[in-house]
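Trainee: Chains as they are written, first to last, in this note's numbering: chain A, 1 to 787; chain B, 1 to 787.
In case anyone wonders, no lab produced these hints; they're calculated from the structure.
Model, not experiment: these values are computed from the prediction.
Check before you lean on any hint, since a few could be wrong.
Copies of one chain are not kept apart here, so a pair can be met inside one copy or by any two copies together.
To be verified - Taking lysine-lysine and the BS3-like style, the derived pairs with C-alpha atoms no more than 27 Å apart in a straight line are:
1) K519 with K452
2) K553 with K480
3) K570 with K480
4) K220 with K395
5) K570 with K397
6) K553 with K570
7) K158 with K236
8) K443 with K519
9) K727 with K443
10) K193 with K220
11) K452 with K395
Protein chains: 2
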Amino acid sequence: MISNAPYGVEPWCLTESHLDLNLIAQSESVFALSNGHIGLRGNLDEGDPHGLPGTYLNSLFEDRPLPYAEAGYGFPEMGQTVINVTNGKIIRLLVNDEPFDIRYGTVQSHTRTLDLRGGTLTRNVVWTSPAGHTVDIQSVRLVSLTQRAVAAISYRVKPVDETLRLVLMSELVANEEVPRQSADPRAAAILSKPLTGEEHYAVDGDNPRAVLVHGTESSKLRLAAGMSHAIHGPAKMSTSTESFDDMARLLVAAEVAPEEELSLIKYLGYGWSSQRTRPALIDQVVGAIAAAKLTGWDGLLAEQRQFLDEFWEGADVEVDGDVEIQQAVRFGLFHIIQAGARTENRPIPAKGLTGTGYDGHTFWDTETFVLPVLTYTWPEAAADALRWRYAVMDKAKSHAVELGLDGAAFPWRTIRGQECSGYWPAGTAAFHINADIANAVTKYLDATQDEKFEREIGLPLLVETARLWRSLGQHDSHGKFRIEGVTGPDEYSAVKDNNLYTNLMAQHNLAAAAELVEKLDKEARELDVTAEEAASWRDAANDMYIPYDHHLKVHPQHDGFTSYARWDFKATPEDHYPLLLHYPYFQLYRKQVVKQADVVLAMQLRPSSFTDEQKRRNFDYYEAITVRDSSLSPCTQAVIAAEVGHLDLAYDYLAEAALMDLQDREHNTKDGVHIASLAGAWTALVGGFGGMRAPSSGALAFSPKLPPGIICLSFRMRYRGRIVQVKIHDHGVDYLLLAGDPLEITHHGEPLTITGEPQTLEIPPAHPLPPPSQPFGRVPQSRHGRE
Amino acid sequence: MISNAPYGVEPWCLTESHLDLNLIAQSESVFALSNGHIGLRGNLDEGDPHGLPGTYLNSLFEDRPLPYAEAGYGFPEMGQTVINVTNGKIIRLLVNDEPFDIRYGTVQSHTRTLDLRGGTLTRNVVWTSPAGHTVDIQSVRLVSLTQRAVAAISYRVKPVDETLRLVLMSELVANEEVPRQSADPRAAAILSKPLTGEEHYAVDGDNPRAVLVHGTESSKLRLAAGMSHAIHGPAKMSTSTESFDDMARLLVAAEVAPEEELSLIKYLGYGWSSQRTRPALIDQVVGAIAAAKLTGWDGLLAEQRQFLDEFWEGADVEVDGDVEIQQAVRFGLFHIIQAGARTENRPIPAKGLTGTGYDGHTFWDTETFVLPVLTYTWPEAAADALRWRYAVMDKAKSHAVELGLDGAAFPWRTIRGQECSGYWPAGTAAFHINADIANAVTKYLDATQDEKFEREIGLPLLVETARLWRSLGQHDSHGKFRIEGVTGPDEYSAVKDNNLYTNLMAQHNLAAAAELVEKLDKEARELDVTAEEAASWRDAANDMYIPYDHHLKVHPQHDGFTSYARWDFKATPEDHYPLLLHYPYFQLYRKQVVKQADVVLAMQLRPSSFTDEQKRRNFDYYEAITVRDSSLSPCTQAVIAAEVGHLDLAYDYLAEAALMDLQDREHNTKDGVHIASLAGAWTALVGGFGGMRAPSSGALAFSPKLPPGIICLSFRMRYRGRIVQVKIHDHGVDYLLLAGDPLEITHHGEPLTITGEPQTLEIPPAHPLPPPSQPFGRVPQSRHGRE
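The following block holds chain A by itself, in its conformation from the complex (with noise of 0.2 Å):
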């Protein structure tokens, strides 16, 4: 656990100047580098000490079996984690004769940099020796966004007042001894030696390199990872390479003066395949390489540079008045457009690709929580994780098949798009990720009028999508259309009936892909819907079943639920949180307690269900029954918070979700970073604060407000084309396109025309409502008291 943050407090950058080896693993999360294709963590450049060692290519996993107890028909019986890859990262450095370790002799300086703007890591430190010899090592590492299969390392090592005798061994090594995880169901199951050497070879000289190949024994998977030099250091130089089945190594020993300094740049090429032949894998990394040497490092550099500045001018977001929220929402961004850079065709990872929590599966975190951020900053990421959905579909309609559904049944958890729920409760119940899938595609379609996309991905995943809804949901006799036995996003509760949050987003689904089909009509007879299938599905979303507690003028989270005994919170001691680890399921699914947003969460994206009075009293109702085990609830929280009036405490949940990480919150940092939960700082400042909704009809709106303690916030997003500047601060709120045409939107309701002239608009003055209580125990940190 970080207990109080070590990183500094800067805006564009994230630094370490002390490295504690009990928060190795997390800062090699925080510190972790990718690209949405290659991920590498933060592990030090010579392997040991680490905490996990990790390196990940996007999709690369290894099938495990899934065992039960006493199985049931459909429980799928084998599950799919991601691997440790060949690590490329690994410089090992000699001394004289001694290695360079930081738990033996003396570190008298230690920074790491994460630029946020550079998209570099870099380190430095100066170390003596037990025997009492001193190195100034810097080693600045990268996994390029412009080239998708390359990353490289320099590293360049001084000594600091005599001649020294180093050595450099720079290596490839497969199947490192990775620690055994928790018996926290929610870390990694881990597999001890998951590659098989298939092919592995070293060449010297000017150039020297190395590539080993390696497959994985039960999916069937190749990969090939290369590595090439370019080494500069004093005359009295030798350089060897040479190879094995789990390890390639370069050798470079040099005797180095003072004056001198021993580096190398280290090229990294990284591919894998299910289908191509070993060779032609070979020369796809080999080609890598070869590409990246000729952009050469500070090309690397520079194209790192204008790819994050091309980013940022549409995506940042400033925060004035509170440093450590500004800190943290670029590194949030930061992340998730490493996580979604270059994804193509692959999923976004819970944790992306920055540790093994989850088993590096794919949840409704990318469509719910990360996609509306990049639809907003970075567009095309957005589509490509969307394409993987679509390139997965076959499986999806199977497992329909499988569940005797029509269309398309996403799995709950995932790599390669077959279901790996091992508990299907909480997980293949959850049924609202399809309708979360649907969400994401009407919402990218709306933020970018593709009609590209439109035609080819997102009319099939509205259909299949709508297909599975018609026939998971029925007609009641009063003509309602009811979804029973479904989980929603509060995994507290399971396989309940009429799940408000899943009924209401199913209905928008249901409606969506009516209405497509209606304008592409063409496209939809090739996908086989009839005048009549549209037709029920729009009946299906106009009938659906909206539960409501008209005693408590409350809308229950399913059927029944208002009347459930409340948790005994008062009697739940502290440590007993997350709930899930010390109570069965069995309580927990029976009794009024919420573990992360759910109608709140509905109230959010399905805004125009709800009157004013009933967001106010839902979120109040729900606010003290709701314990935030998931890193996914407070940014919810947030965002109807700030939007039903409670300021304060919107801002505590937005810094919630947005020190999740910096601070481990979760303690589980360590697995890897919560992408959803960095992007709900985004979606908490722009959604919440910046009252931002994209209605399903009509304009873009806005409702900014500020609470006390931020002075000014001000976001950038892109839409339609256009780069829009929102300003809010204590005198009203600027607005200003920074590129594209005049755009429409509304101002708090108003309807407002914004061009490349700031127009400043007041904010209407706020109603105080009194505060909701949290469960006992579970009150936010505040905000305020944080001086």
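Place chain B on chain A using the hints.
Mentor: For chain B alone, coordinates are given in the frame of chain A:
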């Protein structure tokens, strides 16, 4: 599957006159012998061929890990499974140099007869070896109902035409190879080599004998098996005895002339313990054998007969007009008394000791289906089974604590008292087992007025289960007492709110506990029951919420059930039953489809909670959606069908329950007989056509009526020290007291005192009702169409 019963129809025995190797596993279950402590499957004496070799000792189990693809808090990590112990049944024969094996040579004749009055299994076979030598063999086997640790076999072989060299090998064999069972989750997990040899010895001489002692590795139990022999043969005969870790063998070699025979009596003794030392355990077995030898073979036969005569005196059921049912009901009662006779603080498993089905576990079947029969036929056995529940109450209390509840939460499935269910929605969530135990207690107390049991066993069982219910349920804002998130008898619904059966049974449990606490106030105080606590039970019982659908005028099985879509029975192929093996739980739980009687069982066990009209409407409603995928269902449907007036249908269901094993209706008799379904045949006759009910207050009630086809039904039952005989025929009903003082009863609601003088009363005229319909394809086999 036994498509046509291979057993001849005889009133007092079951005879197999042809050995079909395809049916060998089923016949091993059907011909199993047991006394509730020792169980011997009907394996052939010579061991080969077999379906499943089986020798069991009640509660001798091994642990087995329960794995989970995704673990959850409190999921049991270790289960228990019955193991095949040292096999003492084996007597192999060599005819000249050829082993007697019915798969080779020619079986000239074969019969096996289970004698329901004698308590023996007799086999007669005349076999000609491949080389043409013919022998005539008879074996008679018994498991003593009077000497708990003893089984015995009389084995006799005669050459038919010529002098033959015969060798008998009488053995004890541990760790027999056991065939791998099917993937059906209901079949038992198999453990290979579950026993570790601890000691063995063999003694030659006049009294050749041997003992093997083994232990189990994980459950740390120890067992001893011993054998001793009395041998009769020709002058030229030699014997020897030897023993090894996993085997002991008596060899008898003799030259036998045609007019001579070679015979032996094999006395078997078994004992096991978790505590006793090895010498003590050996002495226990040796002593048991010595006592049995003193009694002698003829003595054991006589004791067996005497025990059963006494049983049948108060238990026999005569069915005139249907010889199959006549045989089946006696066969069922025989297996029930075998399962329950000598359990003595051990449970009665779902399969008795006849196979490894359900891992040898005990469920609610015992209390709900088996104990009612024993209560009215051999009440000591019912008391024993409930004493076992009391004996494991410490584990049930710990389980309640784990679940966050008060009192005792008895396990859904267990051998030794620990919860062993690996899928909690159809395991731990089935809390009704606690009320089922309480109901068995109150029925036993009503039937026996056993005050010692009431004080020592009944009171604590009722108190701790009442405490469970009080903590499991809660008062809602309207003052109703609700029980959420539990699973009722119907396992095609799980984790539902206010299951009608559960609420009604809990109501009875709470009220009965409060009443008994009032009577036994001193003993109750020792259990820390205060007047306030008892009052809170009474309140909860009075306030119990009983769901009712005013629109349909039926009781929903649970909240919301009647709004669910009906299962699409027309689209369900015949070979897709049982549904749980062909459809996901997710679909089963959300549709109106019932695996087994649930509301209908509530109407049987809590008759006064329903009006006659409600019973009729409920029965018809649930009949249309009940698929009878559980062997526990038809007997209950028979009882209520008879009560509401569907006599033909009741007859059909009676037959389905009664012939479950003799006709292998569920294709799994090979794993053991269905003790509860066999009990259901008695219940269908006595509770159905006899209309017998024992109300919570008031006199024992009968409402006899007969279906067309049964000419006369006569049954005997024990009640408060009496033996009552009820004889139903087409002229009326004859009531007669066979033993004890006059008894107040009711006949179709009218009071009557029955005495030693027969009294004949009229059966009120029936009002014909339109027959209800069953799900498509699930109409029961008509009993009228059987010719």
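Trainee: Of the hints stated earlier, which fail here?
Mentor: The structure breaks none of the hints.
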